[in-house]
Amino acid sequence: MRGLILKDLMCLRKQLIIFSYIVVSVLVLSVMYVLSAKYGNIALANEGMMMENGMSSIDIRNLSTWVLSIFLLLPIATVGDAATIFSEDGKAGFSAVSASLPLSVEKRVMAKYLTVFVMFGIGVLTDLLIISVLSALTDIVSFAEFFGMIISAASLMSIYGALVIVFCFWLGHGKEDYAIFCSCGVMVLSAVLLNFRKIKTLFAPVSDAQGTQAFDTFINFFKQKFYVLFIIALITMAVSYFVSVWIAKRKRGVV
Amino acid sequence: MGNVIELKNVTKDYGDFKLDHVSFSVPEGSVCGFIGQNGAGKTTTIRLLLDVIGADEGEIFLFGENIKNDSARLREDIGVVFDEMGFHEFMTGKDINIMMKNIYKNWDEKGFFDYLKRFSLPSRKKCGDFSRGMRMKLQIAVALSHHARLLVMDEPTSGLDPIVRNEMLQIFREFVVEEDHTILLSSHITGDLEKLADEVVFINGGKIVLSGNKDEILEKHGLLKCRKSELSSISEALIVNAQPGTFGVEVLVKDRSVCKKMYPEMVIEPVTLEDIMLFYVNRSCNESGKSEENSLNTSDAGNEFATEEKER
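Protein chains in written order, with this note's numbering: chain P, 2 to 256; chain F, 20 to 331.
These are computed hints drawn from the structure, not numbers from a lab.
What you are looking at is a predicted structure, and each value in this text was computed from that prediction instead of being measured.
Note that CB positions come from ideal geometry on N, CA and C, so glycine has one too.
Check each hint, because a few of them may be wrong.
[Claimed, not checked] In silico SDA-like cross-links for lysine to any residue, where the CA-CA straight-line distance does not exceed 25 Å:
#	chain 1	residue 1	chain 2	residue 2
1	P	K224	P	A44
2	P	K108	F	E128
3	P	K108	F	D114
4	P	K92	F	D234
5	F	K233	F	R192
6	F	K144	P	N42
7	F	K280	F	K214
8	P	K176	P	L157
9	P	K15	P	L28
10	P	K224	P	S70
11	P	K252	F	R137
12	F	K124	P	K39
13	F	K87	P	A97
14	P	K250	F	T62
15	F	K214	F	G73
16	F	K37	F	K226
17	P	K39	P	I23
18	F	K129	P	F222
19	P	K92	F	M153
20	F	K226	F	K280
21	F	K87	P	A249
22	P	K92	F	I72
23	P	K92	F	K87
24	F	K145	F	R192
25	F	K145	P	R3
26	P	K199	P	A97
27	F	K136	F	G178
28	P	K15	F	R143
29	P	K201	P	R3
30	F	K113	F	N88
31	P	K39	P	M52
32	F	K129	P	K224
33	F	K27	F	D234
34	P	K92	F	G147
35	F	K233	F	D102
36	P	K108	F	N88
37	F	K144	P	N63
[Claimed, not checked] Using C-beta positions, here's what the derived DEER-type ranges look like:
#	chain 1	residue 1	chain 2	residue 2	range
38	P	V240	F	E193	36 to 44 Å
39	P	V240	F	N125	35 to 43 Å
40	P	K92	F	K136	22 to 30 Å
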């Protein structure tokens with residue numbers, strides 16, 4: 002099985018190169034942002050916002066967290082693209098070779114999941130390293146807060162990865178774009194259905210204070226209740242794995 | 020010596036194509052040529068053998084074990100070569116080695132690189148830049164580098180030039196020098212099989228038409244040449260099929276020696292596997308539409324002839 006994971010990582014070689022560029026860019030941009038937020042133009046702008054718009058220091062801090070979160074999401078978002086593995090396998094006709102290997106269907110499917118885990122692991126570790134650097138530079142960012150953000154982001158991406166894998170198995174080779182589309186659709190739909198009431202209030206007229214509060218609740222959920230998303234990710238991965246094995250056994254030749 | 024491959028009444032129905040109660044066996048240490056025209060069911064049979072697809076009916080045994088027990092473990096001893104390479108185009112020989120040594124328990128890294136060297140395959144060059152011949156050689160190098168006892172090859176020589184084909188046949192010959200090494204070689208290039216095979220299994224339209232020892236099959240069959248008017252005088256039990264030849268009619272007969280005795284004035288020539296394949300395929304084409312039990316084999320031919328002789 003290790004051989005298949007290595008093969009999958011080879012398929013993602015190009016992505017790993019892009020990933021390394023993104024990591025460097027994110028690190029540079031984050032450091033620049035943090036330094037500027039403490040000593041430079043962003044610090045001045047923040048002061049202005051506090052004076053003119055009546056924003057508190059907590060609001061400013063949340064705003065910074067939001068900006069840095071977007072930066073830190075980029076490495077995780079670019080690292081684990083399961084659809085590329087399927088598309089490369091499909092182009093090569095690797096399923097024939099794979100089926101002749103002394104590995105059971107379960108192990109062949111598991112290899113795909115482990116590859117995605119490995120890739121997310123690389124993304125999470127990189128982000129943690131970046132936060133260590135940032136939290137050492139400034140008090141705007143605390144390691145504990147961003148740890149929660151990163152786990153939340155990785156969990157969301159894992160859910161997405163698990164959905165992509167199951168859709169790729171279901172739809173077969175050459176339909177990876179549809180698999181991505183379906184996975185995004187399922188995630189958006191689930192998020193909308195689970196938060197329907199909250200989303201409804203967004204469309205109602207609210208005061209600035211209420212708007213800021215809603216924004217803070219959203220950020221705090223990711224920071225503090227990351228374990229909820231983590232558990233959902235684990236459950237989704239497990240369900241997705243068993244469904245994928247079931248599909249792969251019925252629809253032989255897809256893995 | 021036991022059978023390395025054994026299929027018993029294996030059926031797989033795709034709706035538009037059916038592999039119909041296929042039964043044959045391949046003895047250990049032999050080279051079995053699996054012949055048939057394109058779409059006859061060769062690849063489906065191989066996929067069933069490797070448990071890539073599941074059979075609707077019947078049983079498949081590899082090395083004496085039912086593949087349903089643990090096909091993954093059994094595949095440790097099988098080297099497979101497909102007509103298309105299957106490795107990613109960006110992969111190099113070195114990449115394939117890294118992958119395979121982490122999959123096969125018996126992977127022989129040194130052996131693999133020795134094969135690459137022998138086949139003049141650069142280990143750092145991407146597979147995508149290889150010619151068709153090089154791709155096939157790469158697959159063979161992989162198949163031979165984990166000490167497989169059985170080589171299953173699906174059209175490995177198709178589309179290759181005669182020099183490379185000959186080179187590959189030589190490699191296969193070397194492989195079967197070991198007593199416990201067996202080859203199942205699917206091909207429609209019958210010339211290759213005549214050079215290499217000990218056993219022959221002929222599949223047509225999802226049914227096994229003929230199976231047995233190649234030499235016996237070639238010895239038994241004959242190509243009788245006669246005038247069209249003489250055709251009616253030949254016993255029908257002996258005829259597989261007849262078709263117009265250069266100077267009259269060519270008839271594939273099931274028992275050459277009996278035919279020689281019965282019709283000493285007629286010319287009966289030895290046949291090739293290609294002749295046998297063509298005549299049998301044409302016969303089923305002619306008979307398409309009729310429901311028939313097409314289980315002809317060499318021994319059946321003898322029995323039918325004996326009955327007719329008795330009646331005479």
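Which numbered hints turn out to be false for this structure? Violated: hints 4, 6, 7, 11, 12, 15, 18, 20, 23, 24, 26, 29, 30, 32, 37 and 38.
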